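S.K.: As they're listed, the protein sequences go chains R and B. With the working numbering, letter number 284 in the first sequence gets 335, and the count goes up by one each step, no holes. With the working numbering, letter number 152 in the second sequence gets 207, and the count goes up by one each step, no holes.
Calculated from the structure, these hints are not laboratory results. Just so you know, not all the hints are guaranteed correct.
Straight line, CA to CA, 25 Å or less: simulated SDA-like cross-link-like pairs of lysine to any residue [as the list claims (entries may be wrong)]:
(1) R:K148 - B:T87
(2) R:K206 - B:A315
(3) B:K238 - R:Y85
(4) R:K220 - B:G539
(5) R:K192 - B:T542
(6) R:K100 - B:T542
(7) R:K229 - R:N333
(8) R:K307 - B:K510
(9) B:K510 - R:K362
(10) R:K174 - R:S388
(11) R:K220 - R:A321
(12) B:K252 - B:W282
(13) B:K238 - R:D98
(14) R:K148 - B:K252
(15) B:K523 - R:P272
(16) R:K427 - R:F340
(17) B:K238 - R:N196
(18) R:K307 - R:D263
(19) R:K220 - B:D122
(20) B:K143 - B:T542
(21) R:K244 - B:K523
(22) R:K176 - R:A325
(23) R:K69 - R:D98
(24) R:K220 - B:K143
(25) B:K252 - B:K274
(26) R:K174 - R:E365
(27) R:K206 - B:D122
(28) R:K119 - R:V55
(29) B:K518 - R:A238
(30) R:K206 - B:I83
(31) R:K375 - R:L235
(32) B:K252 - B:D242
(33) R:K244 - R:T322
(34) R:K244 - R:A325
(35) B:K518 - R:F340
(36) B:K238 - R:A321
(37) R:K129 - R:G71
(38) R:K362 - R:P272
(39) B:K248 - R:P198
None of the values given here were measured: they were computed from a predicted structure.
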Amino acid sequence: MQDVSWVTDLKLRGSTGKLGNQSGLNNYNSLAIYNSQGTLLRYGNPDLKWETTTQNNIGFDLSMFKNKITISADYFKKTTSDLLLPLGLPSVVGDVKPTIVNAGAVTNKGFEFAIGYRNNDRKFKYSINANLATVTNNVDKLDPNLPNIYGQVSKTEAGHPLNSFYGFKMTGIYQTQKEIDDYLTGASHPDIKPGDIKFQDINGDGIINDVDRTYIGNPNPRVSCGANLSASYLGFDLSVLFQGVKGVEKYNDLKKIIDYDTRPFNHTTATLDAWHGAGTSNTIPRSTFTDNGSSKVSSIFVEDASYFRLKNIEIGYTLNLEGKMKSVFQNVRLFVSAQNLFTVTNYTGLDPEAYNMFDQGTYPQSKAFLFGINVKL
Amino acid sequence: MKSIYKILAVLVIISTAGCKKELHKTPIGIITEGIPPTHESVLYSVTSSYQLLSSTLNIIGNWGWDDGTVLRNDFIMQDIASGDMMKKWNPDGDQAWMDQFAEFSFTSSNSGVKGQWSYDYAGIARVNLSISYLTDATLTAGLGIDEATRKSLLGQVYFLRAFYYFDLVNLYGDVPLLTVPLKNFADAYSVAKRETKANVYVQISADLAQANTLIGGGKYSDATEKWRVSKGAVMAMQAKVALYNQQWADVLSTVTAMEALNYYSLNSNYFDNFSVGKEFAENEVIFSYDHQSLTTPRTGNGLCALAGWGFIAPSADFIGAFEPNDPRLGYTVDVAGQNVYKLFGELNSSNKGNDDAPSNKIYIRWADVMLWKAEALNETGNYPAAIAIINSIRARARTTVTVNGTVPPAGTLPDRDVTSVNKDQIKAWLVQERRVELGFESQRFNDLKRWGIAKAFLTGLGKNFQDKNYLYPIPQGEIDKSGGTITQNTGY
Numbered sequence: 052m053q054d055v056s057w058v059t060d061l062k063l064r065g066s067t068g069k070l071g072n073q074s075g076l077n078n079y080n081s082l083a084i085y086n087s088q089g090t091l092l093r094y095g096n097p098d099l100k101w102e103t104t105t106q107n108n109i110g111f112d113l114s115m116f117k118n119k120i121t122i123s124a125d126y127f128k129k130t131t132s133d134l135l136l137p138l139g140l141p142s143v144v145g146d147v148k149p150t151i152v153n154a155g156a157v158t159n160k161g162f163e164f165a166i167g168y169r170n171n172d173r174k175f176k177y178s179i180n181a182n183l184a185t186v187t188n189n190v191d192k193l194d195p196n197l198p199n200i201y202g203q204v205s206k207t208e209a210g211h212p213l214n215s216f217y218g219f220k221m222t223g224i225y226q227t228q229k230e231i232d233d234y235l236t237g238a239s240h241p242d243i244k245p246g247d248i249k250f251q252d253i254n255g256d257g258i259i260n261d262v263d264r265t266y267i268g269n270p271n272p273r274v275s276c277g278a279n280l281s282a283s284y285l286g287f288d289l290s291v292l293f294q295g296v297k298g299v300e301k302y303n304d305l306k307k308i309i310d311y312d313t314r315p316f317n318h319t320t321a322t323l324d325a326w327h328g329a330g331t332s333n334t335i336p337r338s339t340f341t342d343n344g345s346s347k348v349s350s351i352f353v354e355d356a357s358y359f360r361l362k363n364i365e366i367g368y369t370l371n372l373e374g375k376m377k378s379v380f381q382n383v384r385l386f387v388s389a390q391n392l393f394t395v396t397n398y399t400g401l402d403p404e405a406y407n408m409f410d411q412g413t414y415p416q417s418k419a420f421l422f423g424i425n426v427k428l
Numbered sequence: 056m057k058s059i060y061k062i063l064a065v066l067v068i069i070s071t072a073g074c075k076k077e078l079h080k081t082p083i084g085i086i087t088e089g090i091p092p093t094h095e096s097v098l099y100s101v102t103s104s105y106q107l108l109s110s111t112l113n114i115i116g117n118w119g120w121d122d123g124t125v126l127r128n129d130f131i132m133q134d135i136a137s138g139d140m141m142k143k144w145n146p147d148g149d150q151a152w153m154d155q156f157a158e159f160s161f162t163s164s165n166s167g168v169k170g171q172w173s174y175d176y177a178g179i180a181r182v183n184l185s186i187s188y189l190t191d192a193t194l195t196a197g198l199g200i201d202e203a204t205r206k207s208l209l210g211q212v213y214f215l216r217a218f219y220y221f222d223l224v225n226l227y228g229d230v231p232l233l234t235v236p237l238k239n240f241a242d243a244y245s246v247a248k249r250e251t252k253a254n255v256y257v258q259i260s261a262d263l264a265q266a267n268t269l270i271g272g273g274k275y276s277d278a279t280e281k282w283r284v285s286k287g288a289v290m291a292m293q294a295k296v297a298l299y300n301q302q303w304a305d306v307l308s309t310v311t312a313m314e315a316l317n318y319y320s321l322n323s324n325y326f327d328n329f330s331v332g333k334e335f336a337e338n339e340v341i342f343s344y345d346h347q348s349l350t351t352p353r354t355g356n357g358l359c360a361l362a363g364w365g366f367i368a369p370s371a372d373f374i375g376a377f378e379p380n381d382p383r384l385g386y387t388v389d390v391a392g393q394n395v396y397k398l399f400g401e402l403n404s405s406n407k408g409n410d411d412a413p414s415n416k417i418y419i420r421w422a423d424v425m426l427w428k429a430e431a432l433n434e435t436g437n438y439p440a441a442i443a444i445i446n447s448i449r450a451r452a453r454t455t456v457t458v459n460g461t462v463p464p465a466g467t468l469p470d471r472d473v474t475s476v477n478k479d480q481i482k483a484w485l486v487q488e489r490r491v492e493l494g495f496e497s498q499r500f501n502d503l504k505r506w507g508i509a510k511a512f513l514t515g516l517g518k519n520f521q522d523k524n525y526l527y528p529i530p531q532g533e534i535d536k537s538g539g540t541i542t543q544n545t546g547y
């Protein structure tokens with residue numbers, strides 16, 4: 052390899068490790084707790100212990116052309132056993148908060164890839180760094196006591212990603228009474244009207260009930276990427292940060308609250324194209340203050356929350372100081388920057404970057420413009 | 056070298072002055088298991104067991120409309136479902152899950168179905184904890200609770216457990232039967248399975264028998280805290296259990312025994328049952344939840360808050376059920392002013408919109424008990440006695456001045472024909488009388504169901520009542536969270 056002059060540095064890496072993690076635990080989580088008057092608030096779990104993550108990693112770092120180009124790639128597999136999860140108990144045991152349990156094992160695996168290019172040789176200096184990561188999440192097993200763990204709109208079950216959205220699958224809108232009658236043959240259905248959401252009858256018994264629920268989305272991001280550009284020329288400097296996520300779903304509960312709630316709220320203009328007669332829409336149910344199917348947890352609220360966002364851009368200019376100024380100031384820099392300048396997404400909620408997978412309209416990140424002067428004495 | 060010795064000395068001190076104790080610190084600022092109950096917490100375990108019977112807002116949860124836990128849902132599960140009550144005076148889309156009881160379109164995910172289940176089982180969980188304390192005589196003696204008090208308190212919580220289970224079996228049929236507090240969360244999976252209705256009734260009867268033995272005589276079990284379960288309340292509940300199981304002889308013997316106590320009679324004025332000013336100073340109410348304003352924690356009646364938001368209205372069919380000039384209609388609802396006086400506890404709208412109102416929630420009163428007796432008499436062929444009771448209820452109603460202070464005209468609510476020997480006719484009179492006498496008191500839907508006339512009556516009102524609706528669905532969340540060991544009712 053010594054005579055391969057374009058390789059500056061090449062390193063192959065492999066690692067394995069085991070890590071205890073108790074970030075899911077707070078003080079006294081193993082104990083039952085009571086309020087000051089002696090009413091039970093939460094059941095304890097005396098066997099509670101930290102979760103263990105085993106991570107295996109293989110990859111390489113490569114620098115080329117005198118470090119102008121750097122590449123780093125990894126494949127990782129991270130298995131967490133004794134996974135810590137809050138477990139909601141059936142209400143028959145009383146009105147209690149979830150108990151934290153070691154619920155099972157989950158695996159995350161994927162690739163990480165980063166590439167950088169920099170050019171510092173001339174007056175116009177610039178560098179570009181980009182990264183991309185993929186993750187696949189899968190629940191390997193759950194405690195036999197809890198074959199599945201339900202959340203408000205989700206279900207966790209072995210063989211599926213953690214906290215997968217679980218509910219009814221919308222197949223369209225009922226266009227006519229005949230369509231309803233032909234479809235719902237298993238029971239009378241006077242409350243269902245043309246314009247209501249049509250759900251998939253998974254077991255084909257002509258009744259839409261809870262056994263017709265299925266997996267309708269995955270809230271775990273599959274691909275995330277970012278890019279960082281920086282450049283300078285004479286006194287000017289520029290830095291740009293992009294970030295994006297591809298392959299993630301969110302439960303847009305805000306849409307339910309605003310557009311489909313049975314309470315008499317104003318709707319958004321998204322419902323202007325609502326169903327208003329046979330053939331008018333197969334995606335937006337009729338506009339009504341009674342239940343048009345929207346009270347069910349269903350795929351109508353599960354949206355692709357992939358996005359690509361210009362997270363930050365900043366342009367600066369450093370003054371070329373002379374004479375007396377130079378004796379007073381070490382450095383004077385003017386800059387203008389903008390955050391969240393633009394976002395490309397199909398998500399109709401307020402912010403695709405919102406932290407919660409169950410999005411009830413968390414206050415979105417704002418677009419911000421900053422102008423500043425840095426003075427160093 | 057000297058410095059090395061110094062360092063070694065420090066290391067020796069550090070390693071020997073270990074911190075074993077610090078690894079097992081007693082929790083600070085919270086109360087955990089293993090901390091023995093106090094006098095106060097034992098007494099409060101009883102008080103808190105009552106709370107799930109209240110209409111106080113947010114006893115569990117915090118504005119959990121979607122969980123149906125904002126307040127106890129009897130008015131929805133009974134009065135709206137029976138077709139007597141409408142959700143609101145002006146129909147709208149607010150809390151559409153309540154409308155699903157009027158339309159019989161609810162599913163196992165309906166908030167009300169969830170909420171009532173949660174309330175009853177939260178009550179049972181508190182009762183079971185309380186029983187575990189109060190059956191430990193050594194513990195209570197050590198805390199300075201005397202034996203008479205212990206027995207009375209224990210009897211009260213046995214009654215409450217029976218009360219909650221009675222509600223559950225009538226709403227849901229077979230239900231999980233929990234009688235001891237769980238040790239830890241994993242126990243939840245062994246108890247999360249349905250027990251037959253018959254077996255739950257065995258438990259209910261056993262609990263009531265215990266309560267009857269343990270609670271002392273006297274109209275009130277506690278001279279100062281008159282809201283506590285009394286012996287009369289226990290007997291009434293025993294009679295009601297017998298009634299719902301059509302054990303007519305037991306109904307008659309129990310009610311006769313209650314009459315012999317001489318504690319209860321019909322109030323001369325119908326509204327005295329509900330008037331805030333007459334609470335625990337009248338003759339008829341046997342068991343109620345004592346709502347109080349301005350207490351900490353709150354014990355006020357939150358149903359009045361809902362009334363302020365336009366909830367709780369009569370259906371046209373309900374209003375039409377009252378005979379001409381029946382004063383009870385005016386005390387129940389004031390259509391012009393959109394008031395529900397018997398729930399407000401006042402003959403004005405001062406409590407309408409009050410989320411902390413003092414009006415009690417009436418669960419059992421003497422007129423109800425007398426009509427049970429009339430029903431048992433009719434079923435056992437004692438027609439004149441049955442009619443006499445119905446007529447006594449009607450007489451009290453027509454001799455009550457109206458809500459405007461006027462005397463009902465002659466001929467109002469005439470006596471039923473005492474010579475009738477037509478059982479079906481007398482039953483029809485009884486059905487009618489219970490509806491108007493106990494309107495909006497959350498009895499009607501259970502009545503319709505146990506009489507077997509729910510389907511005929513409600514489909515007659517144009518409602519989509521199906522045979523499956525004789526039971527409510529088990530909340531889907533319970534089936535999910537139990538991993539399917541709790542099963543669904545047929546048809547849902």
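S.K.: Hints first: check each against the structure and report whether it holds.
M.R.: Now the hints, each set against the structure:
Among the hinted pairs, R:K148 with B:T87 is consistent with the structure: their alpha-carbon atoms are about 14 Å apart, no more than 25 Å. For the suggested pair R:K206 and B:A315, the alpha carbons sit about 58 Å apart, so the restraint of at most 25 Å is broken. Taking the CA atoms of B:K238 and R:Y85, the gap is near 13 Å; set against the 25 Å cutoff, the hint holds. Our distance criterion of 25 Å between C-alpha atoms is met by R:K220 and B:G539, whose separation comes to about 21 Å.
For the given pair, R:K192 sits about 24 Å from B:T542 by alpha-carbon distance, which is consistent with the 25 Å threshold. Taken as a hint, the R:K100 and B:T542 pair is broken in the structure, with Cα atoms around 32 Å apart against an allowance of 25 Å. Taking the CA atoms of R:K229 and R:N333, the gap is about 16 Å. The hint holds against a cut of 25 Å. Taking the CA atoms of R:K307 and B:K510, the gap is about 34 Å. The hint is violated against a cut of 25 Å.
Restraint check: the Cα-Cα separation between B:K510 and R:K362 comes to about 62 Å, which exceeds 25 Å; the hinted pair is violated. Restraint check: the Cα-Cα separation between R:K174 and R:S388 comes to about 23 Å, which is no more than 25 Å; the hinted pair holds. A threshold of 25 Å between alpha carbons decides the hint, and for R:K220 with R:A321 the separation of about 21 Å falls inside it, so the pair holds. A C-alpha spacing of about 29 Å is found between B:K252 and B:W282, which places the hinted pair above 25 Å, so the restraint is violated.
Distance restraint check for B:K238 and R:D98: the Cα-Cα separation of roughly 13 Å lies within the 25 Å cut-off, and the hinted pair is therefore satisfied. Using a Cα cut-off of 25 Å, the hinted pair R:K148 and B:K252 is violated, with the two alpha carbons roughly 29 Å apart. With a CA separation close to 43 Å, the supplied pair B:K523 and R:P272 exceeds the 25 Å bound. With a C-alpha separation of about 62 Å, the suggested pair R:K427 and R:F340 falls outside the 25 Å cut-off, and the hint is violated.
For a cut-off of 25 Å, the pair hint linking B:K238 to R:N196 stands: about 16 Å separates their Cα positions. A C-alpha spacing of about 21 Å is found between R:K307 and R:D263, which places the hinted pair at or below 25 Å, so the restraint holds. The suggested pairing of R:K220 with B:D122 holds, with an alpha-carbon distance near 23 Å, which does not exceed 25 Å. For the given pair, B:K143 sits about 34 Å from B:T542 by alpha-carbon distance, which is inconsistent with the 25 Å threshold.
Distance hint between R:K244 and B:K523 is fulfilled; the C-alpha atoms sit about 22 Å from each other, no more than 25 Å. At roughly 54 Å between alpha-carbon atoms, R:K176 and R:A325 are farther apart than 25 Å, so this suggested pair is violated. At roughly 21 Å between alpha-carbon atoms, R:K69 and R:D98 fall within 25 Å of each other, so this suggested pair holds. Taking the CA atoms of R:K220 and B:K143, the gap is about 33 Å. The hint is violated against a cut of 25 Å.
Restraint check for B:K252 and B:K274: not satisfied, since their Cα atoms lie roughly 32 Å apart, outside the 25 Å limit. Among the hinted pairs, R:K174 with R:E365 is consistent with the structure: their alpha-carbon atoms are about 19 Å apart, no more than 25 Å. For the suggested pair R:K206 and B:D122, the alpha carbons sit about 18 Å apart, so the restraint of at most 25 Å is met. Taking the CA atoms of R:K119 and R:V55, the gap is about 16 Å. The hint holds against a cut of 25 Å.
At roughly 15 Å between alpha-carbon atoms, B:K518 and R:A238 fall within 25 Å of each other, so this suggested pair holds. Distance check on the hinted pair: R:K206 and B:I83 sit about 35 Å apart at the alpha-carbon level, beyond 25 Å; violated. Only pairs whose Cα atoms come within 25 Å are accepted, and R:K375 paired with R:L235 is rejected, the gap being roughly 87 Å. For the hint pairing B:K252 with B:D242, the CA-to-CA distance comes to about 22 Å; that is within 25 Å, so the pair holds.
Simply put, R:K244 and R:T322 have alpha-carbon atoms about 18 Å apart, close enough for the 25 Å limit, and the pair holds. In summary, the hint linking R:K244 to R:A325 is supported, as the alpha carbons are separated by about 14 Å, within the 25 Å threshold. Proximity of B:K518 to R:F340 is assessed by CA-CA distance (about 20 Å); at most 25 Å being required, the pair is judged to hold. Among the hinted pairs, B:K238 with R:A321 is inconsistent with the structure: their alpha-carbon atoms are about 51 Å apart, more than 25 Å.
Taking the CA atoms of R:K129 and R:G71, the gap is about 13 Å. The hint holds against a cut of 25 Å. Proposed proximity of R:K362 and R:P272 is supported: the alpha carbons are some 18 Å apart, at most 25 Å. At roughly 16 Å between alpha-carbon atoms, B:K248 and R:P198 fall within 25 Å of each other, so this suggested pair holds.
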